[in-house]
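Colleague: Letter by letter, the chains look like this.
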Amino acid sequence: MPITYTSGEQIEVYRFSIPVTIGVPLAALFLQAFLPRRLSFFSIIDLPLLVTIFFAMARRNPISGLLTGAAIGLLQDMLGAYPIGIYGIAKTVVGYGASSLGAKLDVENAGARFLVTLGFYLVHQAVYFTVARGMVNLPMNWSWSRGVEAGLANAALGMFLYFALDKLKQRA
Amino acid sequence: MESVLSRYRNLVILVGVLFLQVLGLAVQVKRSGEAEHTRLIRIWAVDAITPFERVLVRLQDKSRDLWSNYVYLRGVRSENRELKEQIERLKLDEVRLSENAAQAQRLQTLLGFKQQFITKDGTLAAQVIGSSGSDLSRSIYIDKGSDDGVAQDMAVITANGIVGKVLRVYPSTSLVLMINDQSSGVGALLEKSRLQGVLRGTPNGELMLERVMTDEQVAPGDIVLSSGGDQIFPKGLPVGTVTRVAPGHEMFLDIRVKPAADLGRLEEVLVVTQKQEPQPVAQTGGRVRAADILAQRLPSVPDKPSNSAAPTAPAQNQKTVINAKTAANAANNPAGNPAINATKLLLPSAAKPKTSATSVPATVPSSGSPAVGAGNNSSAANTPASEKPVKIQVLKPLPNEKDNAGGAPNPSLGATRELNGVAPKAAAASPDPAKSTPRQAPAQPAESPDSPH
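Respectively, the protein sequence lines represent chains A and B. Be aware that the first sequence starts at 1, since it is given in the numbering used here, and climbs by one per residue. Be aware that the second sequence starts at 1, since it is given in the numbering used here, and climbs by one per residue.
Just chain A, same shape as in the assembly:
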């Protein structure tokens, strides 16, 4: 029996196979490290965040969501130059929130996904900024315009990405 993160009593929950559970986050991390060097505009995209949101909303289990977010965030921290844990904390919060929201709302349609992604992107940025500025004392400045632009871009990309990843879902 495959190891899955599934939950949900009344609403439909999904599970994912192990290759998808491991491969998709790694692919997202890889692409995030690889693509911005070739495509500069891709630097505003946060693929690991989109994957975190997708898995969290699909499983609708806050624990699996926060653990998925923590794992992806920590791996992303390992590839970066800042102390490990900043992305981990931010994506843990996002994973928990997205899975909690997914357990209560229907987030299957594109519009809801767009808004959820935009909102969680801003939450992610806010948490990241707070931790980086408040705890690690990194010299970072908050920019609403850039945050909103990047949030819109990520939300737009997320709709297509979620549509593609929906093919990998399995009914629990």
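Honestly, the hints are just simulated from the structure, not real lab data. Check before you lean on any hint, since a few could be wrong.
[Stated by the list, open to error] Pairwise CB distance ranges (calculated):
#, chain 1, residue 1, chain 2, residue 2, range
1, A, D166, B, G16, 40 to 46 Å
2, A, S40, B, V55, 20 to 26 Å
3, A, W144, B, K62, 29 to 35 Å
4, A, S17, B, G16, 24 to 30 Å
5, A, L115, B, R64, 44 to 50 Å
6, B, K84, A, V148, 50 to 56 Å
7, A, V148, B, Y72, 35 to 41 Å
Note that CB positions come from ideal geometry on N, CA and C, so glycine has one too.
Following the hints, position chain B against chain A.
Modeller: Frame of chain A, contents of chain B only:
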């Protein structure tokens, strides 16, 4: 308690996970050597990601090469054709640029030479545009003519040496007779021995220094300079180098000279439009006898101040230069110029070196060093060796002479005054006092019967 934990399990786990991460973050921030403690885990992460990146990059490069080199070849032929044309254009540009650079270098050399040897406005740069095209006539055409101020018999030189003289002048071009033409003749002298001769061209385009006696010491490698006696080339310009010395016909040496200027590859030349020799100045004041002038120019024992002051004072008061040609004209026209009449100054051989750079017509006894009238059919060259005309130009007294005590002339000063920069050498070249004794003797015959003296 258990019910609370089970009730808020998700939240507790969230707080626990966040707490662990914050704790780990705090540990990293607190320790200064954060990078050292996280190094291993970062290495693992990087090692897990970079191989995929490496493979992907290679795949990307390969696929790009495959696409661009084997699939997407649209417009390659036309692009190839354009590139070939561009290469041809660039090659032409390169040739032109290198040509320009070489020309600039040559012109720079020429300019340096001009500034060093020639008067500021006394030369005219010209481009060689053609040649006679025949070995029998070694001449070239330059792109400057009478419209540019070129006149016949002007010297044509390069930075390396003399080239020839202007033979014919057209409005925009000129024909230059090169020094290696058979009909050309250049007054030349050897730099070391100061021996003078006539430089002529040979049928095969070589240069031959004539009129040097067999008892003279000439060796290959000796530098040949222009003597200035031909009234065309400024004195002291490099002419060539002696390459071979052999006994010639009669009592003269057969001296072959390699021209200093590369006469076969001329591109830019300088036409000497104004020579450096001082121009004659209109005479002012009283009359000057040629004998006095000559006595002033030639080395002699200084006269006693009491004796010399009176008779030569008029001559010393002349602050002008006597042009010998003017004197000669006066001689030809007895009623014309009453001031000077110096048609024939018979000079001893000892005076020859001193007169080589001057312009007073005179005759010298044959000493194996004839003065030369450059150009074809030079009258000087054809003159019997027993009596050769020598152009002598007399310079005006130097200021220090004028300031001499009591204004009295000092013939020794006048005699050792430099004539075109070589007179001291010439004077030194005649150490024989016997040759210097008659230096004033020829002054008397210089006076024409028509002279008022």
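Colleague: Now, for every hint given, state plainly whether the structure supports it.
Modeller: Verification of the hints:
no. : hint                       : result
1   : D166/A - G16/B: 40 to 46 Å : 31 Å, violated
2   : S40/A - V55/B: 20 to 26 Å  : 22 Å, holds
3   : W144/A - K62/B: 29 to 35 Å : 43 Å, violated
4   : S17/A - G16/B: 24 to 30 Å  : 28 Å, holds
5   : L115/A - R64/B: 44 to 50 Å : 39 Å, violated
6   : K84/B - V148/A: 50 to 56 Å : 54 Å, holds
7   : V148/A - Y72/B: 35 to 41 Å : 39 Å, holds
Hints 1, 3 and 5 from the earlier list are contradicted by this structure; the remaining hints agree with it.
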